[in-house]
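Peer 1: Assemble the complex: chain A is given as a structure, and chain B must be docked to it using the hints.
There are 2 protein chains.
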Amino acid sequence: MEIIKTIPDMQKRANELRNEGKRIGLVPTMGALHEGHISLFKIARPLCDVLITSIFVNPTQFGENEDLEIYPRDFEGDEKKCKSAGVDIIFYPSTDEMYPEGYTTFVEVKGLSEIMCGRTRPNHFRGVATVVAKLFNIVKPHLSVFGNKDYQQAVIIEKMVEDLNFDVEIIRAPIVRESDGLAMSSRNAYLKDDERRQALYIYRALKRAEEIIKGGERDIDVIIEEIRETIESNSDMKIDYIEIRDAGNLGELEVLEGEILISIACFVGEKTRLIDNITLRV
Amino acid sequence: MEIIKTIPDMQKRANELRNEGKRIGLVPTMGALHEGHISLFKIARPLCDVLITSIFVNPTQFGENEDLEIYPRDFEGDEKKCKSAGVDIIFYPSTDEMYPEGYTTFVEVKGLSEIMCGRTRPNHFRGVATVVAKLFNIVKPHLSVFGNKDYQQAVIIEKMVEDLNFDVEIIRAPIVRESDGLAMSSRNAYLKDDERRQALYIYRALKRAEEIIKGGERDIDVIIEEIRETIESNSDMKIDYIEIRDAGNLGELEVLEGEILISIACFVGEKTRLIDNITLRV
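Residue numbers (our numbering), protein chains in the order written: chain A, 34 to 315; chain B, 34 to 315.
Some clues are possibly wrong.
If several chains are the same, the list does not tell them apart, and a pair holds so long as it fits within one copy or across any two.
Said to hold, decoys possible - No farther apart than 16 angstroms at their CA atoms in a straight line, the calculated lysine to aspartate or glutamate pairs in the EDC-like style are these: (1) K113 to E68; (2) K304 to E262; (3) K182 to E68; (4) K45 to E202.
Just so you know, the hints here were simulated from the structure itself, not pulled from any lab data.
Just chain A, with the same shape it has in the complex:
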């Protein structure tokens, strides 16, 4: 397994691989790898000749009062996990390499970036779109895999790829959960025991919504209220949002039909913001 730290080296390697006719797969990550990431590697592995993952805690997608400083970092652990998962190359740049002094260019996917998580995290998706555009230009992948845990992110990346004509196939991967249902997240490492117990009610509320929809409920307000009650009567979590939207384009729904997304963001404890979602065909 190779580790490449500079942009020119990575571009040179990508050019060599493409000239040899190799198909490049990219899984972009912020490290602190867990089973969710490993599942992305497993999905990408048979679809490409060379599997590249980037490990970069991207500062432009963090807000001023967010957890950039304390975000978990464990390159040695990540390296081992990449090796066992069959990763060929880790692209592991420094912050200065990615954002040298005087950096000023940003990619924005308007509309999609201001709703849901974008309301609480105003420049988050601008940072995501920008770093992914950079990674596509640096790693030059034929395909790239994104997890549905960050559902809005995946939709925004697909829209950016379509609008800016990146010649990259985007593959969406299902959420990986702990045995009790909690969605895997690097931020789960922040949770104290009691917070970990409370956090379970995010997924339980999603399952409760699924249950009442399957039972015939079609009133969006009633479903959202049921989710709110499930969370609030079982935890001290502060709900950031509960949204039910079109799973394809994240549009608002007049009536509950088609492929729908139910998405939740909650603050648990003082500093941890967790997100989760399910999709349903109604």
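Peer 2: Chain B only, in chain A's frame:
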């Protein structure tokens, strides 16, 4: 010479060319080709195996009250000029092909896009950066040539390429002028005889500034005033701006030294906005 009208066809062709080891050169244009564009073809021609030009009047770089509707279009004439200049492929997409309904993604080079021409044309450079990013992803050039007539545009494209890590070599080309000094521009076609005569004083004012700087003048305000007087005492043109800046990064100058840019924008007649510039080493 091939003419390609769709994005998938152009990407397929670009992939084929790259797989054959061909070096692709791109000259992006809005058509209405003149000697200025031809000079870009001539510069690109020996540097690449396959010379591609794009002809696309890009709506996102025009403001609401600007000349998008009347911008000169002459595809047949352009085609002939491309053929004689040794162009291999014209990429000639429709507006719907480039900006389908629901288009929402933009590339912004902050800071550089808000000064000079950006003050009068607030979203102009966002449109330019966005369409060039798209063209780079569609045509996949190894190198691309930009004329210094649109000096600020060329600096912004270089910054976008650097910041977003596009693996494209940017080549800057000198301004081509009519025999009397007027900078070649597709917008010169708008000029009535008397306006054409007045427009000459843009370049004459630049030359006057050069003359007094060579004579020892170093006071930026005095030089700008001399330019203003040259224009205003010889024409009815309305000055949009006269700027003297660092030619490298367009930064403001405290003292007149190094490689400097003197840039002018003027409105001549009712609808025509012309720009011109010179660079000097002081």
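Peer 1: Using 16 angstroms as the alpha-carbon threshold, which applies to K304 and E262: within, between, both, or neither?
Peer 2: neither (22 angstroms within a copy, 62 angstroms between copies)
Peer 1: Could you figure out if K182 and E68 sit no more than 16 angstroms apart (CA to CA) within one copy, between two copies, both or neither?
Peer 2: The answer is within: 12 angstroms in one copy meets 16 angstroms, while 54 angstroms across copies does not.
Peer 1: Go through the copies and call it for K45 and E202: within, between, both or neither, with a Cα cutoff of 16 angstroms.
Peer 2: between (21 angstroms within a copy, 14 angstroms between copies)
Peer 1: Check K113 against E68 for me: Cα-Cα at most 16 angstroms, and say if that holds within a copy, between copies, both or neither.
Peer 2: within (13 angstroms within a copy, 59 angstroms between copies)
Comparing the model with each earlier hint shows a violation of hint 2 alone; every other hint is respected.
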